[in-house]
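Protein chains: 2
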Amino acid sequence: MALIVQKYGGTSVGNPERIKNVARRIARFQAQGHQVVVVVSAMSGETNKLIALAKEVQANPDPRELDMIMSTGEQVTIGLLAMALKDIGCAAKSYTGGQVKVLTDNTHTKARILSIDEANLRRDLDAGQVIVVAGFQGVDEEGNITTLGRGGSDTSGVALAAALKADECQIYTDVDGVYTTDPRVVPEARKLDTITFEEMLEMASLGSKVLQIRSVEFAGKYKVKLRVLSSFQDEGEGTLITVEEDKKMEQPIISGIAFNRDEAKLTVLGVPDTPGIAYQILGAIADANIDVDMIIQNVGHDGTTDFSFTVNRGDFAKAQAILETVKTTMGAREVTGDSKICKVSAVGVGMRSHPGVASKMFKALADEGINIKMISTSEIKISVVLDEKYLELAVRVLHRAFELDQ
Amino acid sequence: MALIVQKYGGTSVGNPERIKNVARRIARFQAQGHQVVVVVSAMSGETNKLIALAKEVQANPDPRELDMIMSTGEQVTIGLLAMALKDIGCAAKSYTGGQVKVLTDNTHTKARILSIDEANLRRDLDAGQVIVVAGFQGVDEEGNITTLGRGGSDTSGVALAAALKADECQIYTDVDGVYTTDPRVVPEARKLDTITFEEMLEMASLGSKVLQIRSVEFAGKYKVKLRVLSSFQDEGEGTLITVEEDKKMEQPIISGIAFNRDEAKLTVLGVPDTPGIAYQILGAIADANIDVDMIIQNVGHDGTTDFSFTVNRGDFAKAQAILETVKTTMGAREVTGDSKICKVSAVGVGMRSHPGVASKMFKALADEGINIKMISTSEIKISVVLDEKYLELAVRVLHRAFELDQ
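Chains as they are written, first to last, in the working numbering: chain A, 143 to 548; chain B, 143 to 548.
For reference, chain A alone in the conformation it holds in the complex (with noise of 0.2 Å):
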């Protein structure tokens, strides 16, 4: 018998009839012995359409308020689900986040768990109940309610497993797992039984949305088992996320491409050598709440220096203006921009180990006569920035380069 948490998305919750097919893979689960904890985020498009109602009365939804209207998504499922349950048999009891209760920080919006109290879940459990907890919120010390941002049932999910040293946390999704890269892109993409959590926070980061990253860190760092799988298919394995590198002789060097078409690169042209230019840079940058990505820096040569980074191609145009005036008040040369860009990566473990991967990438990606406009690596990954047009040819030359399909 094994204590498993099983976490619903929007999409698997996201009718009566499809709440009523999650109860039947539960019931099952159940009858196989095993004690399950099932946690639901809201039926998909709920949130927003509660989200939009907000904004309606307040144009900027006051957070606290705003979090004790999103939270109702979820406290519908979690009723509409436990029914399901009931109704064909299976004794089932609904949580709020705030009766489990899942104590956060009060930082309304994007709070971050501090405990969960598995006392009642688990004299529940012991009962033969399927316990439904609601994704997504908790309370703080003073009993609001909280939540923790978007996605952020995942992370309800893996924080449930760890609090009850549960044996699997599933996250059921609408792929059936972690390939090697996008189908859509590479019809051979293969589906992959097994990926660390290092790569998998390398291939979430970089654009394979299947889980949120936040989950993943959580996941590493209590251990907990995690594994994606489809809600709409009944066979398969999905792919299991573990902390240790895989045991077989014949360890893939490279696991996934990864890639990004939502980014813009930018460059400040012969800025001054000086100690601090990349806070005064990136620091103007920050203060207008603009996230960053790739941030490369290149040797000097006559006193000055070339930065470049890359971010979301949303916030191009406020970057560019934001680099303007930084350039004048540090006696930059020139500002440069590119929003028709993408960054395509190698994600593997293997790469500790193997020297030699970057070199066969750069030449894959030379041999079909795609220009690299930026480079940046990490210890398990390395990405290129590509002009925009390139991005499904290099996917592609670089899924086979590195036999993914195989």
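Just so you know, these hints were derived from the structure itself, not from any lab. Don't take every hint at face value.
Because identical chains cannot be distinguished in the list, a pair is counted as satisfied if it fits within a single copy or across any two copies.
[Said to hold, decoys possible] Dumping the calculated DSS-like pairs for lysine-lysine here, alpha-carbon to alpha-carbon at most 27 Å: (1) K197 to K228; (2) K460 to K333; (3) K252 to K228; (4) K460 to K363; (5) K333 to K243; (6) K197 to K469; (7) K367 to K243; (8) K191 to K515; (9) K531 to K197.
Guided by the hints, dock chain B onto chain A, whose structure is given.
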């Protein structure tokens, strides 16, 4: 400075624009130096939507889970109203029933309030905040969310006023007070400045659906000063519901004419006149969950008697079928019924000290050739059952006969 509890129903907070109007009204009260606690219902239509959704998942929804779902309706309203208040610079804080804590028994979907913890509310009121409380809901001792049944928000408002020893509980609705009768039937109907709790109870139970009966009982018991007002008008004192009778010299004998067209009557003829017949007949009706309103048994003759009662028109066929069985068991002669009836009542505490009210009523009806089918009286009410077609005529005749238009 007074402490006022205001309750706004679903129509009054039916959309963002109306919620903003309510916020402006509350802010005006606060600006006058009053402390204000606001109790709100779900936006009109929302509770029915949630119930329909629940029924799509479970035909006969589990009561605990239905409460979990239904309570979100009010939770959305409190968040929105608190936002609207803050948006116009009025400090406000929303509270769910559980956050207050409104402790109830565990009879889900029709729970009774046991106690209200007013300490936190008082602290926030003293800090100058408007308190916005979700009506209709509470929590039981184990922290399960409960609801108080249809119209329970009125009861929430009165219970909060009692717990806080508020100076007044104002019930805002879509009418501007309690009228001598329905103005759609008698255009000369007048708004009453005051009405006693007893009269209000009779008016409410007879179909003048301004206030939920339970809330009036509650207000009477705890001596809460209750006032009915319109949320769509800025002027007007509404109708004050008082514990004591009006001390004016010229006290009206009758305060209002109530009516109900949703009833049907049933008669068992020739029942053997032995002890226990009322229980035998009505026990079977109660077992089928059919509510009985008027009950009439006249003196018997020849060892038999006739037994009549009225039920909701929707239960007519069901009740008739039950009586056919009862007739055989009891050896009664015949079952007759009529679903095309109406009930018209004259209500007033003045009739306690004024003889001749009944005869005046019967004469007024007789003068118009209206035949009376059944008569039932209480200390402050005389009800007659008439052919349905006479309803409007009878109400107008009685309104004039008792000079209610003056």
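> Among the hints numbered above, which are violated by the structure, and what are their numbers in rising order?
Replying inline: Of the numbered hints, 2, 4, 5, 6, 8 and 9 do not hold.
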